[in-house]
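I would like the entire structure built from these sequences, with the hints used as guidance.
Counting in numbering that gives the first Met the number 0, the sequence shown runs from 0 upward without gaps.
The set of hints was computed from the structure by calculation and includes no laboratory data.
Heads up, a few of these hints could be off.
In silico DSS-like links for lysine-lysine, alpha-carbon gap of 27 angstroms or less [said to hold, decoys possible]:
#1 Lys-174 - Lys-121
#2 Lys-33 - Lys-324
#3 Lys-174 - Lys-224
#4 Lys-35 - Lys-377
#5 Lys-378 - Lys-33
#6 Lys-155 - Lys-78
#7 Lys-41 - Lys-264
#8 Lys-223 - Lys-174
The following label-pair restraints were derived from C-beta to C-beta distances [to be verified]:
#9 Pro-58 - Asn-297: 27 to 33 angstroms
#10 His-146 - Glu-285: 27 to 33 angstroms
#11 Lys-174 - Asp-129: 18 to 24 angstroms
#12 Glu-249 - Pro-58: 38 to 44 angstroms
#13 Met-243 - Asp-90: 35 to 41 angstroms
#14 Lys-378 - Lys-328: 15 to 21 angstroms
#15 Glu-249 - Thr-133: 45 to 51 angstroms
#16 Asp-169 - Asp-346: 23 to 29 angstroms
#17 Thr-92 - Glu-216: 37 to 43 angstroms
#18 Tyr-89 - Gly-262: 32 to 38 angstroms
#19 Asp-129 - Asn-75: 24 to 30 angstroms
Idealized CB from N, CA, C, for every residue including glycine.
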Amino acid sequence: MNYLSSLILIAILLVNCKSDKSEDVAQLNEKPLKLKEALADKFLIGTALNARQIAGYHPEELAVVRENFNSIVAENCMKSERLVANQDVYDFTTSDKFVNFGIENNMVVHGHTLIWHSQTPKWFFKDSLDQEITREELIQRMKNHIHTVVTRYKGKIKTWDVVNEAVLDDGTLRKSKFYNLLGEDFIKMAFEFAHEADPEAELYYNDYSTAVPEKREGIVRMVKKLQEQGVPIHGIGMQGHVGMDYPELEEFEKSITAFANLGLKVSITEFDITVLPSPWKNQGAEVSANFQYKEAMNPYPEKLPDTVSNALNQRYLEFFKLFLKHHKKIDKVTLWGVNDGNSWRNDWPVAGRTDYPLLFDRDNKPKSVVDSIIAIAKK
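Here is the structure:
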């Protein structure tokens with residue numbers, strides 16, 4: 000081999016080595032996608048934060064939030080019972096930290112919730128003599144509360160659950176204290192007050208069991224009436240507290256379509272999937288329902304069997320396939336909690352159980368279905 004041929008051979012070998020090394024480095028530097036990255040062009044992916052997380056007690060859980068989610072909602076700290084336990088004495092300590100966390104991490108912050116029959120302080124409906132207040136006084140208290148909270152976070156919280164769970168499963172309106180004093184007009188007023196406080200905010204009605212046909216029809220009737228009155232309503236939140244065999248995917252899909260056909264945005268809110276048996280036929284999410292603990296109601300206290308775990312992963316994947324199918328209608332999908340250990344499902348409707356309802360386990364590790372969701376989102 001002459002001198003020139005040797006130089007050419009050496010050059011080829013160097014180029015090949017450099018090329019191979021570059022490919023190896025590129026593969027090492029290529030990081031697997033996180034949920035929020037895989038779903039970025041489909042919809043926001045969110046989670047709920049509890050008070051201890053917001054206070055910074057669980058940094059490892061907040062790391063999961065930062066890495067995987069681009070939207071957050073407060074589990075409890077923005078409900079009126081927590082914000083204003085005593086009349087006219089607001090405590091925004093936790094809610095301010097919550098909102099600031101979202102802003103600092105470039106997340107969309109969702110406000111939950113302004114008017115709800117549950118977790119509203121008793122003083123809201125009573126006068127100084129512990130007597131029920133008048134219609135006029137309740138209207139004023141609603142307006143003051145909504146204006147106080149929404150105005151504080153104007154420009155920071157872009158979307159609000161204005162009214163929560165006002166429709167029963169049979170499609171009729173819940174006879175709450177708000178309804179009993181104000182009739183169905185309380186819903187209209189709440190949206191109007193919220194719009195006055197922040198005309199740029201998107202306003203949602205939020206409810207559970209929205210896949211129940213009668214309830215779906217009742218919500219559609221209510222929203223159409225609001226729209227005919229010119230009430231500013233921009234979206235419907237479909238709470239996703241579901242089980243392994245309810246609701247049927249077809250009914251859930253019908254509700255997505257029905258709500259989108261109203262010209263509204265649709266959000267999947269409070270999503271989790273319980274693997275535990277229900278102690279009653281009603282599969283809703285009425286927080287006041289609770290039942291005595293029985294071992295038969297807690298079948299997996301130590302570990303979830305592989306067969307059940309696989310079935311749970313498949314159920315999650317079916318729902319996310321549905322969400323991706325309708326991604327043009329859906330604004331965000333929000334999990335109700337960060338990991339299995341801090342899910343409300345462990346204590347509702349039977350306290351002291353062990354459930355596995357979220358995408359991250361008790362050690363903050365993603366379940367295998369997370370990779371599956373990322374894979375189908377990339378297609």
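The hints, checked one at a time:
1. Lys-174 - Lys-121: 16 angstroms, holds
2. Lys-33 - Lys-324: Status holds; Cα separation ~20 angstroms.
3. Lys-174 - Lys-224: 18 angstroms, holds
4. Lys-35 - Lys-377: Measuring from Cα to Cα gives roughly 12 angstroms; hence the hint holds.
5. Lys-378 - Lys-33: Given pair Lys-378, Lys-33 holds - Cα atoms ~15 angstroms apart, limit 27 angstroms.
6. Lys-155 - Lys-78: Holds - the C-alpha atoms of Lys-78 and Lys-155 are around 17 angstroms apart, at most 27 angstroms.
7. Lys-41 - Lys-264: Holds, because 14 angstroms separates the two Cα atoms, which is no more than 27 angstroms.
8. Lys-223 - Lys-174: 20 angstroms, holds
9. Pro-58 - Asn-297: 27 to 33 angstroms: 30 angstroms, holds
10. His-146 - Glu-285: 27 to 33 angstroms: 29 angstroms, holds
11. Lys-174 - Asp-129: 18 to 24 angstroms: 21 angstroms, holds
12. Glu-249 - Pro-58: 38 to 44 angstroms: With Cβ atoms ~42 angstroms apart, the hint holds.
13. Met-243 - Asp-90: 35 to 41 angstroms: 39 angstroms Cβ-Cβ, so the 35 to 41 angstroms window holds.
14. Lys-378 - Lys-328: 15 to 21 angstroms: Because 19 angstroms falls inside the window, the suggested range holds.
15. Glu-249 - Thr-133: 45 to 51 angstroms: 47 angstroms, holds
16. Asp-169 - Asp-346: 23 to 29 angstroms: 27 angstroms, holds
17. Thr-92 - Glu-216: 37 to 43 angstroms: 42 angstroms, holds
18. Tyr-89 - Gly-262: 32 to 38 angstroms: 35 angstroms, holds
19. Asp-129 - Asn-75: 24 to 30 angstroms: 26 angstroms, holds
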